[in-house]
Amino acid sequence: MATSAATITPGKMPEVKPVDGFLALALVAVLAVCVRAIWFTPVDAMLGAAQKIFYVHVPTAIMGLYVACGLLAVSSIGYLWIKDERLDRLAEASAEVGLLFMGIVLATGPVWARTSWGTWWVWEARITSTLFLWLLVLGYLVLRGAVESPENRARLSAVMGSLAALLVPFIHLTVKLFRGMHPGPVVLKPEKPSLPPEMLATFLMALAAFALLFFALLRVRFRWATLRDARAALEAA
Amino acid sequence: MSTGLFTPRVAVQDTVAYVAKREGPPATEAYMWAGYVITVGTLLAYLVLMARRIAKSKQG
Amino acid sequence: MSEPVSRAGRTVTAGHRAPAFVADALRIAGKDLRIEFRTRSAFLAATVFAVLAVVIFRFTWDPTAIPAFDLAPGVLWVIFTFSGLLGLNRSFGLELSDRAYDGLLASQVSRESIFVGKVLANLVFVSGVQALTLPAVALFFDLHVGAAWGVLIGIVLCASLGLAAVGTLFAAIASNTRLAELLLPMMTLPFFVPLVIPAAQTSAVILRGQPLEDAMPWFKLLLAFDLVFVTACIVVFPYTIEE
Chain A
1111 MATSAATITP GKMPEVKPVD GFLALALVAV LAVCVRAIWF TPVDAMLGAA QKIFYVHVPT
1171 AIMGLYVACG LLAVSSIGYL WIKDERLDRL AEASAEVGLL FMGIVLATGP VWARTSWGTW
1231 WVWEARITST LFLWLLVLGY LVLRGAVESP ENRARLSAVM GSLAALLVPF IHLTVKLFRG
1291 MHPGPVVLKP EKPSLPPEML ATFLMALAAF ALLFFALLRV RFRWATLRDA RAALEAA
Chain B
-11 MSTGLFTPRV AVQDTVAYVA KREGPPATEA YMWAGYVITV GTLLAYLVLM ARRIAKSKQG
Chain C
1429 MSEPVSRAGR TVTAGHRAPA FVADALRIAG KDLRIEFRTR SAFLAATVFA VLAVVIFRFT
1489 WDPTAIPAFD LAPGVLWVIF TFSGLLGLNR SFGLELSDRA YDGLLASQVS RESIFVGKVL
1549 ANLVFVSGVQ ALTLPAVALF FDLHVGAAWG VLIGIVLCAS LGLAAVGTLF AAIASNTRLA
1609 ELLLPMMTLP FFVPLVIPAA QTSAVILRGQ PLEDAMPWFK LLLAFDLVFV TACIVVFPYT
1669 IEE
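Residue numbers (the numbering used here), protein chains in the order written: chain A, 1111 to 1347; chain B, -11 to 48; chain C, 1429 to 1671.
Keep in mind the hints are simulated off the structure, nothing from the lab.
Any given hint might turn out to be false.
Stated by the list, open to error - Subject to a maximum C-alpha distance of 25 Å in a straight line, what follows is the list of computed DSS-like cross-link-like pairs (lysine-lysine):
(1) A/Lys1127 x B/Lys46
(2) A/Lys1286 x C/Lys1648
(3) A/Lys1127 x B/Lys44
Keep in mind it's a predicted model, so treat the numbers as computed, not measured.
Pulled out of the complex, with its shape left as it was, chain A reads as follows (with noise of 0.2 Å):
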């Protein structure tokens, strides 16, 4: 148990609790999304009540593969340019709730493909992308662990992040021309269909609902990133 003889003047170390009130709202938004799409949306006639994680898997999807990712990216290329510590924050948060949200995509989607395609992995485009990307962002979250010094981390995960940023459209481009070799399968596409009204709006809702938890939990991950600094910064003085 550390005995830092330190006392936190409230100046200087920076507010922060788990659950504020942004992400208690967003915890709500959420809660109240999943009850309407399981009790008050109707079922797909096709696919059965299984159809219904749609509306968890594709928000947390674009949530977490377009939005997270492209923080990362841009707070890492930014970081290298200006040298600012809280785009390294930024870069460090985007990427641990990127993860959780891509691990959720990865999770929920062979379950979704299980009752869809009739199993349970399918080497399909947006799916081996998505593994992908979260090897990629799981390498980097690895790195910021091994290396000792702050400074040293943040300069070299930017490093990772903006060649990492480079390398994803090349990873479609790979996976696309790979796909494009060989038929998928023959069943309809559960991403688009075409939607009737009440399961468009719970669809919006679950979009609007899982990125407002997104950037809740995003403003959670980097605050504590700044008290976790500090923190050390104070400690070692």
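Position chains B and C against the provided structure of chain A, taking the given hints into account.
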């Protein structure tokens, strides 16, 4: 294996994947619950992790 | 040619810029290769690993289930990644003892030429190992390559360049961490995917005797990767060095 939609009469009815039948949607509630439990469970686990990290940082 | 960033305050006259860069890079590549071939241990280890792996793959293969030209490209290029990693591991380890890396950095040589020199050394190493693995695969899998050897060697060089560039950069990053040997594969394998899959697909096209035009999209992807990542890694390398 993905079942073809083009031979509904000849294809064997997969217990889970849907092949055209008349009695209504397949009973896949268990899968739906699995999906939602995974999502909410993972999020709650992350919240617990963050709470512990914050507590640890505050105490030192 | 990018101008060398001079951290020591040294100014370079315009006439010296390009030749100094290339000469420095070649000198560093030569130094690394000379050290390596004096002992030859890493090269031998990588080659022996590769050949043994080919043998193992050969014995776990059921020829009645999969024809040779379907399996061989995958085997060839998977082994390529792992034997390449064996070579990359040593590229910054050479200087780490005796803090010789600091000496190299303090010298008048630009960061970019250090990087290019090390990439060249790794390129020679990796394509050297692959040059020995290719005949092993052809032999053990009884492949008839014929006139397409030239194309295969071209693919080996292109893929080796991409692997050397990305791998050298991440080796520089990994040398700053604990568990460098574990971290290097974890960071680099996703980056090797746009190299290995096009290389394997192009090899498959050649081995099946299909027309080369079928492989053109893959080959273009491979070249694009090389172009983009060699440039990007040169640009980004100075950031891996602590000021």
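The hints, checked one at a time:
1. A/Lys1127 x B/Lys46: Roughly 10 Å separates the two Cα atoms, so the pair holds.
2. A/Lys1286 x C/Lys1648: Holds: A/Lys1286 and C/Lys1648 sit about 14 Å apart, inside 25 Å.
3. A/Lys1127 x B/Lys44: holds, 12 Å
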